[in-house]
Every structure is written in structure tokens, then in C-alpha cells.
Amino acid sequence: MTKLVYVGRENRVGVASGDSHFRVYRTDNGSRETNVKVEGDYLYALDSNRDGSQFIVGGASGAATRIDQSGKQSLEYASGEK
Numbered sequence: 124m125t126k127l128v129y130v131g132r133e134n135r136v137g138v139a140s141g142d143s144h145f146r147v148y149r150t151d152n153g154s155r156e157t158n159v160k161v162e163g164d165y166l167y168a169l170d171s172n173r174d175g176s177q178f179i180v181g182g183a184s185g186a187a188t189r190i191d192q193s194g195k196q197s198l199e200y201a202s203g204e205k
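Sequential numbering from 124 applies to the sequence shown in our numbering.
Hints in this document: simulated from the structure, not taken from any laboratory.
Treat the hints with care, as some may be off.
Derived CB-CB ranges, DEER-like [as the list claims (entries may be wrong)]:
| id | residue 1 | residue 2 | range |
| --- | --- | --- | --- |
| 1 | LEU198 | ASP151 | 31 to 37 Å |
| 2 | GLN177 | GLY141 | 31 to 37 Å |
| 3 | GLU133 | GLY185 | 31 to 37 Å |
| 4 | TYR200 | ARG149 | 26 to 32 Å |
| 5 | THR150 | GLY185 | 29 to 35 Å |
| 6 | SER154 | ALA201 | 28 to 34 Å |
| 7 | SER197 | TYR167 | 32 to 38 Å |
| 8 | ASN152 | GLY185 | 35 to 41 Å |
| 9 | TYR167 | TYR129 | 17 to 23 Å |
| 10 | ALA183 | SER154 | 28 to 34 Å |
With a straight-line Cα cutoff of 20 Å, these simulated SDA-like cross-link-like pairs (lysine to any residue) come out [as the list claims (entries may be wrong)]:
| id | residue 1 | residue 2 |
| --- | --- | --- |
| 11 | LYS195 | ASP151 |
| 12 | LYS126 | ASP164 |
| 13 | LYS160 | GLU133 |
| 14 | LYS126 | LEU169 |
| 15 | LYS195 | GLU162 |
Backbone N, C-alpha and C define an ideal beta-carbon position, used for all residues, glycine too.
Go ahead and model the full structure; you've got the sequences and the hints to work with.
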């Protein structure tokens with residue numbers, strides 16, 4: 124695990140990890156709600172919006188990926204793009 128954050132929804136935390144996965148867990152029972160394999164490399168950064176419906180994860184390559192609550196990914200930014 125490289126980053127752990129409260130995601131804005133009751134009893135939920137988000138985890139970014141070195142195996143290129145982003146996950147959301149319930150803290151009350153330990154169940155996993157979201158599990159996404161992110162294209163790219165080692166994930167260092169993680170943040171969410173206030174209600175926990177959107178997430179941004181960032182990797183060692185400088186790329187950032189937006190992920191919604193259902194796990195759908197969209198590229199937000201890649202290092203070197205103009």
C-alpha cells in the first residue's frame with residue numbers, strides 16, 4: 124500500500140498500491156467495493172472528491188487516471204502531453 128485516504132462516503136477508504144491497483148474498502152466490515160487495475164506503473168498518489176464518487180490516482184511515470192465509483196477509468200493527464 125502506498126496511499127490510504129478517506130473517500131468521502133461513510134465507512135469507506137481508498138487504497139493505491141504498488142501493484143497498480145486502486146481499491147475502495149468498507150471499514151465497518153472489510154469488504155471491497157471497487158477493485159481497478161490501472162494501466163501503467165507503481166501508484167503513488169490518490170485523492171477523491173468530497174462525496175467519494177470520483178478518484179484520481181497518479182503513478183511513478185507522471186500519468187494520472189480518473190476513476191469513477193463504478194471503476195470506469197479515463198485518462199486525465201499524462202506527463203509530456205501538451
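Okay, GLU133 versus GLY185 on CB: inside 31 to 37 Å? Holds - the Cβ-Cβ distance for GLU133 and GLY185, about 33 Å, lies within 31 to 37 Å.
Falls inside 32 to 38 Å, the C-beta gap from SER197 to TYR167? 19 Å, violated
Is the straight-line distance between the alpha-carbon of LYS126 and that of LEU169 20 Å or less? 6 Å, holds
Are the Cα positions of LYS195 and GLU162 separated by 20 Å at most? Cα-Cα ~12 Å, so holds.
Quick one: are TYR200 and ARG149 within 26 to 32 Å, going by C-beta? Roughly 30 Å apart at Cβ, these two residues keep to the hinted range, so it holds.
Within 28 to 34 Å or not, the Cβ separation of ALA183 and SER154? 29 Å, holds
Hint check: LYS160 vs GLU133, CA-CA at most 20 Å. Holds or violated? Violated, because 24 Å separates the two Cα atoms, which is more than 20 Å.
Tell me if the beta carbons of LEU198 and ASP151 are separated by a distance inside 31 to 37 Å. 33 Å, holds
When you check the alpha-carbon spacing of LYS126 and ASP164, does it fall within 20 Å? 14 Å, holds
Range hint 35 to 41 Å (beta carbons of ASN152 and GLY185) holds or violated: 36 Å, holds
Does the Cβ-Cβ separation between SER154 and ALA201 fall within 28 to 34 Å? 33 Å, holds
29 to 35 Å as the expected CB spacing between GLY185 and THR150, which holds or is violated: For GLY185 against THR150, whose Cβ atoms are near 31 Å apart, the range 29 to 35 Å holds.
Consistency note: the structure conflicts with the earlier hints numbered 2, 7, 11, 13.
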